[in-house]
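Enquirer: Read off the chains here:
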Amino acid sequence: MSKTQSNPRERPSETAKKGLRAKSGEETAEISATAPIRAQEFDPHFKHEVSKTHGGEKLKQCFQCGTCTSDCPIARFSDSYRPRTLIRMTLLGLKDRVLTSETLWLCAACFTCTDRCPQDVEVASVIRILRNTAVEKGYMPQIFKELGSSILETGVAYRIPDLRLKKRAQIGLPPLPKGNPEAMTKLAKATGFSKLLKRGEQA
Amino acid sequence: MPMKIRKSESDSQLVIERIHHAKSYGMTVDRSICVGCELCSLVCPREAIAIEKNPKKTGQKAQPPMIDVDENKCHFCGICTAICPYGAVQVVIDGKTIASVVEKESFPQLIREISVDVSKCPANCTECEDACPLDLIKVTQAPDSKITVDVKEEQCPCCGVCEVKCPEGVIRIRKIFTGKLKINQEKCPSGCQDCLDVCPITGALYLSEKDGKVHCNEIFCTYCGVCRIVCPEEGALGLSRSTIRHTPVRSGAWNRALEKLTSTTEMTKELRGKGKERTMEAVRKLLEPRKK
Amino acid sequence: MTAPEKNAKTTPKPTRFLLFLGCAIPYRVSSYEISTRKVLQQLGIELVEMPEYNCCGLPIDPVNHSMTLTLAARNLCLAEQQGLSIIALCPGCAGTLRKVNKKLKENKELKEEINGYLKATGLEFKGTIEAKHVLQLLVEDVGLEKIKASVKTPLTRLKVSEHAGCHVTRPADSVDFENPEDPQALKDLVEATGAEYVEYVDKLACCGAPIAGVNDRIPLQLTKEKLTHIRNAGAHAMVTVCPFCHMMFDTNQPRIERLFNETLRIPVLHYPQLLGLAMGFSPEELALKALRVDATQIVSRISGKEDAS
Amino acid sequence: MTEEKPRIGVFVCHCGLNIAGVIDVKDLTDYARSLPDVFFAKDNRYTCADPGQDEIRKAIKENKLNRVVVAACSPRMHEPTFRKTCAEADLNPFFFEMANIREFSSWCHPSTPEEATEKAKEIVRMAVAKARLLQPLKEIEVPVTNKALVIGGGIAGINSALDLAEMGFKVYLLEKTESIGGHMAQLDKTFPTLDCSICIEGPKMVDVGRHSNIEIISYADLISVSGYVGNFKVKIKKKPRYIIADNCTGCGECRDVCPIEYPNEWDVNMGVRKAISVPFEQAVPLVYSINLDHCIECYKCVDSCGARQAINFDQEPEEIELDVGAIIVATGFDIYMPYDDPLYGYGKYDNVITALEFERLILAAGPTGGKVIRASDGKKPHSVAFIQCVGSRNLKKYEYCSGFCCMYALKNAILLKEKYKEDVEVYVLYMDMRTPFKGYEEFYRRARDLGVTFIRGRASHIIEDSQTKNLNIRAEDMTLGQPIELPAEMVVLCTAAVPKTDAGDLARILSISRDANGFFMESHPKLKPIDTPVDGIFVAGACQAPKDIPYSVSQGSGAAARAATILSKDKWKIEPIVAEVTPELCRNTRVKCGICADRCPYGSIEAIENQPAKVVTAMCHGCGTCVAECPADAIIQKHFTDEQIFAQIEEALKKNPEGKILGLLCNWCCYAGADLAGTSRFEYPPLIRPIRVMCSGRVDRDFVLEAFRRGAGMVMIGACHLPYDCHYISGNLRMKARMDALAPMLEKLGLSPHRFRVEYVSAAEGLKYAELMKEMAEKLDELGPEKIKAENAKLKPILDRMLAKKRPQKAQSSK
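Protein chains in written order, with our numbering: chain U, 1224 to 1426; chain E, 9 to 300; chain X, 96 to 404; chain D, 3 to 817.
In silico negatives: residues of chain X with every beta carbon more than 12 Å from chain U:
{"#": "1", "residue": "ARG111"}
{"#": "2", "residue": "GLU175"}
{"#": "3", "residue": "SER180"}
{"#": "4", "residue": "THR251"}
{"#": "5", "residue": "GLU294"}
{"#": "6", "residue": "GLN392"}
For lysine to aspartate or glutamate, the following EDC-like pairs were computed, each having C-alpha atoms within a straight-line distance of at most 20 Å:
{"#": "7", "chain 1": "X", "residue 1": "LYS298", "chain 2": "D", "residue 2": "GLU487"}
{"#": "8", "chain 1": "U", "residue 1": "LYS1409", "chain 2": "X", "residue 2": "GLU207"}
{"#": "9", "chain 1": "D", "residue 1": "LYS382", "chain 2": "D", "residue 2": "GLU466"}
Rather than coming from a laboratory, the hints here were simulated on the basis of the structure.
Fair warning: this is a prediction, and the values are worked out from it, not measured in the lab.
Backbone N, C-alpha and C define an ideal beta-carbon position, used for all residues, glycine too.
Let the sequences and hints guide you as you build the complete structure.
Expert: Put into structure tokens, the structure is as follows:
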């Protein structure tokens, strides 16, 4: 494999942060995760909203045992990412705080927390819901814009260079199927994905 | 329940262990010593020992069978240790080699009567050492020409080969088991010498030049029965044991073992003998206070 | 394993499957594809190319769950048209397709919602096929006995560790394969090649690949720790069955060595490569050269050219 | 049956202003007087007070009344009072009926007095209709055997047995294992006082062994129980010990000569016992037993026993039969052994043990002589971590809190600290530290004071260092919000208390029910915590739910007292509201039916082939499920007959039926919930006409059909919550099965789905009931009378046909 080729998955985290910070103007300046919690931050309905979404049904059963954080491979190496804290903020209704939290994007979706939760809270799915909600509000790390637009244009998440396609033929692998951008666009429109992507790009 | 039962097996040994938090039990079968005879499996009260025949490969010698122990059945009583004439089995409890059944006099020990009168040994003679089919004898001659003959008694099945081979009649052996080994030459398949291949005692079985068949030289036979296990033809090889030399014991477990090893009649014979002893003892006890 | 084997005798297992390559494999990890094709062919599995497939949907799940479900469902619809079940090489793809397949079959409302989105493309999810990961195919459809029988040179001199990847088993109730806390499949498969299986600390931990686009440091640390454990456990090599895990362990290994000043040099094979070697394929046929960490030592160890030291 | 013409007296209560403040009592009384068969009607200020009762008694005598209806509060309140009043006036108490116009009308419809009065009139009319058909009933009396069986010889059972014996009753104490003592005998010290467990339990065990009124039947299994309260027949199988108990002196000489050692389960297999032995030194009865699975039959023991001749290898299992009047179930619990949880490595890592094993370790008489040592190297650990909630509070294992683990972890932590001082570091990883009850919180403080480190966070998994065998516990220290890796040389898992593995078998033998977790169900969680749904059978101790020692002891004594209420009587009275089979109608004589016997939750019906089914009256609890299930309508429930309920339905739906909801409410949950809505003054639209049944299981599908035939707007069945709230074990489940089949059929016939409802309302859910009434009224409004009428008109001919066989019967009796 050639070294010059850059792996989109290895992009430095700065891009991600940039993507996250560039958000629509309506929101106030971002709230530090460690700042004291003010009265106006609470949104008691937020936990109900999340638990009405597919995958968040068991959210309210959380009794804060810390299994998710303890077993989280990322949390072991991160100074800030704590899945339990994200759940806690959601339950408290600290909507803005949790949705603007940079750590929200550190979940690797390995589902260890979900499998091990003694109260059957689908922790990783709750985080996915939070991310989806954050995206609706205009927060989205750069990487997802790239993946998203690649899917719309080629059907797959990574644009495969022609060189690689030629090489496939050389080593006798069957040609890759053509993508169907038309279908992708239709689906993206139907699900509202294209709108989200556009909003992300404008920001 | 918390208790580890382990089993490990290799070509040279079979080890099973039962480990409690504060106590451990182990049983080891030394496969280099074990000849694959049937004795332990016959007497095991838990029927934990199985004999596995080694499939014979064409054109090769027959291999002695292997014994296998069910680690979930064994309760480390030590009966197998006590009965093995070759000393291949050991039970270790908390690091100590022990046979509980012998300790508690629930089972006898085999009596190996081996006497060597070293004073009569001729100098530089190693006939017995060379003759021992199991390599249990070591003859050493000190610089002051004092001769010692070491016999690994605990592994000696008392076949008596050394006794016969000794030119000076220095060694006297009494057998542990007596009995009868009969080869029914009519049924014995010609060309087969599986029994001879596995017999641990050189000379106990031999191939007759006359008829090309295997015959038995009962002088050397230890009646361990490995030949019977490998024999492919039923009824070709008849083995019966009549007596077993053992330390005196009063035990139902031994009576049952005896019955399995020998026969019901032999067992009742021994029981009757014991009955006589018991009567005598009772009489003695009766007389004692009078003496006082 | 006796029960499934018995089943194998009574009901003939399907041998034709649609191959779902996904995005990462054709992009960066063709060695996985090459070796898998070789090995499966040898085991009598026929792979049919999947026309016009699209991304499984997982990469954009954080953005829009509905789009993820719809993308996965479209692939399932395409397979339904062919009447063949899907085999995916990437556990992420397999997991997503399995999960969506299961959820849509069980949840009528969700099915209607997704079918509503699919309508624009003239497709409809019906729920007539299955989706599996190649590991599952190997243990469930091919069977360990057949795999063992296919081994020509048992890799007895080789100590091998593994990292199966989270999505092979997680989340347990939607993937519905084996116990994620005590997985056996890859262990059994490694042992089937005759190699000695090596356990190591934190075997079940994630490699961190999914957040590599958001944060670099953590995935590299995770991978480094796992590789260190594997090295300490005395493994000669490790196997993966996921293109992303493989990129973390293999492609990134030199970088990890540089970054943390460690010497690891642990060859990371795709499991089909390991099995292929045991089946007697040449290193070239299995694209062993494409690995970033040199695996020639492994090959010579297997062939007995290098004395075990 | 004496067919005397009914002479009904109706007494309307003002209940101060409680009723009269809303309902026009004068109007209501006049209305009552106008009803057929009513010969007397009067209103009182307080009917339940002495003057009110006097008036009833007087009226019965003077007017030769043979039926009495009191329109006042809920029958759940004063039915017993007025039954007694009637009896005092020589009227059979079952000629009494109550019309609930307070909880069901004045209290819940205060702002619509006219409608409330109208509803009250209909409720009275329904009551009068039922009263007309009432039959005299006689209370049933059964003799009582004044002996008790206590199942389980743990600390709860020991206390039950001792208390009953002290009261003078003969007690059989059945114990499955070789000795009584239970889990308590396995423990080292007890919290929060740190008494030595066996030192305080031992004397009690000895007392039991010596008590002349107690017979210990140990090493024995319960085979079967038949009969009923006061008259149980119990079969027990004694396992052979191969020792003649009477000859065994417990000297132990046989054990000394025995060569065989096998794992001692009582020691959690940490130690061993001889093939002839007792499980522990303090065993009661002190009778040895031989484990033939391990014995090699060397007969050394026979020799050593000698002239005592206590050993008998030919012993066979023995079956015995006992007659007892009451049974106390005190079978205790099991400890969860977490082999199936790979994350904690139990069974895989040498130095991860359960708390019960730890008890045996730190116990001076235990296999290590009280030394806490590691299995891996026999060395004392320098750090020990206790992990709480292993299996408990985990939806994947056991949902409930096991209750006593926090306390025993504290105890063990304190013992360790006191024993090894600074030489050992003790950690407790917990989610919530639960220390209610006397002296417990102080005990927690003592542990902190001794330097035990408490970490709030659930241990998620454990990793073993393969060389040192030390352990590394992963958790989140939640107070810091950081993941931690805690090193420990030994880990003690405080595992869940779980139901006995054979609890299901026992429940079947005794016909008692189990809760969702598998523990035995009490009759009522608050007011009958010791009773089971089966009269004469009581529960004590941890077989009902995890309990610590003081709680188990109190329950043991409580169960003894409850059992004594039966044993102390010569005769036991049973409510006569039972089921009765009309033999001529029973189809079991012709075909193999037995449906009633199958559906009876108490096994009180016998259906022998070719014979009519028979109800064992003393065992019948009067739920009426069999009555509703009988395909031939051959069973009647006394006091709740089909005719009576049909009559109530008819009266309820005489006027404007399409605007009404006919309710069939179970006495214990929904009726009580409706009462609560009234007492709580939750206002709701006055559309429902409720009919009380003892159990929703009584609700025959014909009731529903009849209600629609008569044009009801809606029919609602109100039951106890599924699956375990039913006071008759499974009546609600039977009703559900029946109605699940009926509902789609009605829908197919054109009934709007909302018009037929099965609702589950508990006695605590007054608010839910009121909300339900509002919601149903809205639906009724939405549908509109025209649509309902049209649907009903379509249904009527079909329902007429379906109910044809019921009607002539009804016509006869309503005459």
